[in-house]
Amino acid sequence: MLVKMIFAGFGGQGVLSMGLNLAQAAMLEGKHVTYLPAYGAEMRGGTANCTVAISDEEIASPVASAPEFIVAMNQPSQVGFQHHLQSGGLLFVNSSLVEAKIVRGDIELVEVPASRIAEEMGNPRCANMVMLGAFTKKTNLVCFATLITGLESTLQSKKKLLEVNKEALKTGYDFCGAEP
Amino acid sequence: MKQVYRRPHSLKKAPFHYCPGCGHSIAHRVIAEVIDEMNLQDKVIGIPPPGCSVFAYHYFDVDMVESAHGRGAAVATGIKRAFPQAIVFTYQGDGDLAAIGTAETIHAANRGERITAIFINNAVYGMTGGQMAPTTLLSQKTTTTPYGRSAQLEGYPLKISEMLALVKGTVYIERTAVSSPANIMKTKKAVRKAFQTQIDDLGFSLVEILSPCPVNWKMAPLEAWQWIEKEMTKEFPLGVIKDVTGK
Amino acid sequence: MPRILLSGNSAIGEGAIRAGCQCYFGYPITPQNELTEYMATHLSRRKGCSFIQAESELSAINMVYGASVAGVRVMTSSSSPGISLKQEGISYLAACQLPAVIVNMSRGGPGLGSISATQSDYFQSTRGGGHGDYRTIVLAPSSVQELADLTHRAFDLADRYLIPVIILGDSMLGQMMEPVEFHHEVPRRLPVRDQALRGAHGRASRFVKTFTSKPTELEEINWSLFRRYRLIEKKETTCESSLVDDAELVVVAFGIAARIAKGAIRKARSNGLKVGLLRPVTLWPFPSEQVKKTAARTKHFLVFEMNMGQMVEDVKLALDGAGEVGFYGRPGGVIPTPSEVFRVVSREYYQRGLSIER
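Chains as they are written, first to last, in the working numbering: chain A, 1 to 180; chain B, 1001 to 1247; chain C, 2001 to 2358.
No lab work stands behind these hints: they were computed from the structure.
For every residue, glycine included, the Cβ atom is placed at its ideal position computed from N, Cα and C.
Mixed in with the good hints, there may be bad ones.
Over 10 Å on every C-beta distance to chain A, these chain C residues come out as not near it, computed from the model [as the list claims (entries may be wrong)]:
hint: 1; residue: Cys-2096
hint: 2; residue: Phe-2123
hint: 3; residue: Asp-2156
hint: 4; residue: Arg-2160
hint: 5; residue: Met-2176
hint: 6; residue: Glu-2178
hint: 7; residue: Phe-2182
hint: 8; residue: Arg-2198
hint: 9; residue: Phe-2226
hint: 10; residue: Lys-2235
hint: 11; residue: Arg-2259
hint: 12; residue: Glu-2313
hint: 13; residue: Glu-2324
hint: 14; residue: Pro-2331
hint: 15; residue: Glu-2357
Computed footprint of chain A on chain C, listed as stretches where at least three residues anywhere in the stretch have a Cβ under 8 Å from a Cβ of chain A [as the list claims (entries may be wrong)]:
hint: 16; stretch: 2273-2281
hint: 17; stretch: 2332-2340
Residues from chain B shown here face chain C by an in silico Cβ test under 10 Å; the list is partial [stated by the list, open to error]:
hint: 18; residue: Ile-1045
hint: 19; residue: Ala-1082
hint: 20; residue: Phe-1083
hint: 21; residue: Gln-1085
hint: 22; residue: Ile-1087
hint: 23; residue: Glu-1104
hint: 24; residue: His-1107
hint: 25; residue: Gly-1148
hint: 26; residue: Ala-1151
hint: 27; residue: Gln-1152
hint: 28; residue: Leu-1153
hint: 29; residue: Gly-1155
hint: 30; residue: Leu-1158
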């Protein structure tokens, strides 16, 4: 099984760390994983994205030309990446910032008001973790517990930040679960 | 019988290949005497450049490594960083240090690398046959300025020592000449001070030596000495250009 | 040591430090800046070590030359345009038989090109690259783990054969993160090579030089270099082969292209096409013998590169007419997908009338 996904949004929304945390969790679960950040001039230009590939066997290319999942944290990402999605793929949008406009009939939309939830929690910068929590619940690519373990190792020196992020992940995870 | 003159230990028993009246032999001897007197023969690593002095390792009895054209300061930096106990000097001509190697020189100086540059300024490219150097005087004829160096077409003689004096990492810069016994003694004193600066871990040091090239200048050796004192020193005045060693 | 998620650039940096690299000199250029930054963070304050952000690639490589003369393990890194500038120093290193590790996280060209991944520096890397008659060992990793492992090997090879070693990666390998495990600890005592110049204390003075006015002397120097090169070819040639034993068509690819080819070959196999892969790990010395041996079983080869066809020449030279060589290349930094390469492989397979396993 090989699954590829793209996380995209504005620079500063933490899309790279979403991908990184997921990749870390996949590694901890013993899977093959690659993480490829978009790079260069685009990196400074305000938009950011990264590609994660998770597989049971060696991964040939870290590039995703037709990913199974796309997470769009802002409007331009939704517009730009929607048509790359594989038929039957899931499009996650940050519905607080993105006016979801699906132009394809063969994909599924998952709306998560990540920015609003994060703001309500008092930590607007945690929208990425809210989204990652929801993403994890919906895709079931890695265990939620592993995600937490990974986060604990990367943020071990920043206890306060860790707690905030954990809470955001959990809230996002539960949000998706609450849906009918 | 009292011995008054002998070959320095730091020079091998090999006759110099330099042209009659060339300043390199004198500069070599002066450096070797200083190395002897400061007891540095075991610690010194010298870096000769491409050019007439490329064979300096045949004469100096110290560890030496040939550098690519202009890269002496970078090579010296690498050696000194890898092995800080060494006393490292580059031996570079005007084309080498002040044209193709300008960037390496300025930045090594600015980092305050604990190295010493011996800068031989003879106002021409010697080995390649007397072409214009960055230090060629205005109206001086060379094979590539056959009508004399014109400021409008070829720019001005570059005063690299004065430029380097503005750089914070340099600690000691002096311009001397090997054009008379008195100036040769001053050169020796300057080289000694430059090495001492390095031993004291103070920063970058440089001794610019105005040196005769009678063959490419198309002059007799004595005439070349006089040309240094009369013409070259007008553009390149002798003396200490910078000294913040506090000594 | 547990596996950690690391970018290719960082993996080289960590691998180098664990190999006893004592000096690093570099100059910023995308896409290898993370390596320079890694060394600034992790090497610059280490005891006995030195890091310099040089004023140019020329300077950096000549600092490498100086540190190598002084006998320590030293590395520099850059990307294609910067590597072109370093060629002067690499030629001198080769001439003086000085070890050094030079990383090329290559990018598109010619000119400033692009920062995307290509393999267009194959010729430059495997033919010496600078002026004069010489070679450098060229290692071509295809994963982050291999970058870490080959960095260690690069230092060992450089010291053993007194030769500059090039690690030829690309921007994708440098940027991507993968789990990696390091098999070596940082050595307690950093190695210093015999024959280093450290002042003539207790011995006669020595010199290191490249210039000679005697053609016969230079001829002997060139001969001696090539005697060593023959030895390296004999002992160090490395090539990974997979699924070659029953293959009717053999794909030859290196680095990131070999990874993509592997994905294509998996698809081909599941469609009953008997396709295998040869992946040169050392680009110089090139695994000519292995290519030739493979031709005893099948005559059908397909070379896949992310350039307009460079390694394909070495494959043809190795086969010397003993095989039929096709080529597929994408230059300019376009990253082909495994499905695209699979389509090329199967087209080639059918056109040659090779047998399908039902």
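Hint check results:
1. Cys-2096: holds (37 Å)
2. Phe-2123: holds (25 Å)
3. Asp-2156: holds (26 Å)
4. Arg-2160: Consistent with the label, Arg-2160/C stays out of reach of chain A, its closest Cβ about 31 Å off (over 10 Å).
5. Met-2176: violated (5 Å)
6. Glu-2178: The claim breaks: Glu-2178/C does not keep its Cβ more than 10 Å from every Cβ of chain A (closest is about 5 Å).
7. Phe-2182: Phe-2182/C is indeed farther than 10 Å from all Cβ atoms of chain A, at 15 Å.
8. Arg-2198: holds (41 Å)
9. Phe-2226: Phe-2226/C clear of chain A: closest Cβ-Cβ about 38 Å, beyond 10 Å.
10. Lys-2235: For Lys-2235/C, whose nearest Cβ neighbour in chain A is about 28 Å away, the distance exceeds 10 Å, so it holds.
11. Arg-2259: Incorrect as stated: the minimum Cβ-Cβ distance to chain A is 5 Å, not above 10 Å.
12. Glu-2313: holds (25 Å)
13. Glu-2324: holds (25 Å)
14. Pro-2331: holds (17 Å)
15. Glu-2357: holds (20 Å)
16. 2273-2281: Our answer is that it is violated, as 0 residues pass the Cβ test (under 8 Å) against chain A, missing three.
17. 2332-2340: With 4 residues in contact (Cβ-Cβ under 8 Å with chain A), the coverage given for the stretch 2332-2340 of chain C holds.
18. Ile-1045: holds (5 Å)
19. Ala-1082: Nearest chain C Cβ about 4 Å off; hint holds.
20. Phe-1083: holds (4 Å)
21. Gln-1085: holds (8 Å)
22. Ile-1087: holds (8 Å)
23. Glu-1104: Constraint on Glu-1104/B satisfied, holds at 5 Å.
24. His-1107: holds (4 Å)
25. Gly-1148: violated (32 Å)
26. Ala-1151: For Ala-1151/B, the interface hint is violated, since the closest Cβ of chain C sits about 28 Å away, which is over 10 Å.
27. Gln-1152: violated (30 Å)
28. Leu-1153: Since the shortest Cβ distance to chain C is 28 Å, the answer is violated.
29. Gly-1155: violated (22 Å)
30. Leu-1158: Violated, because the Cβ-Cβ distance from Leu-1158/B to chain C comes to roughly 18 Å (cut-off 10 Å).
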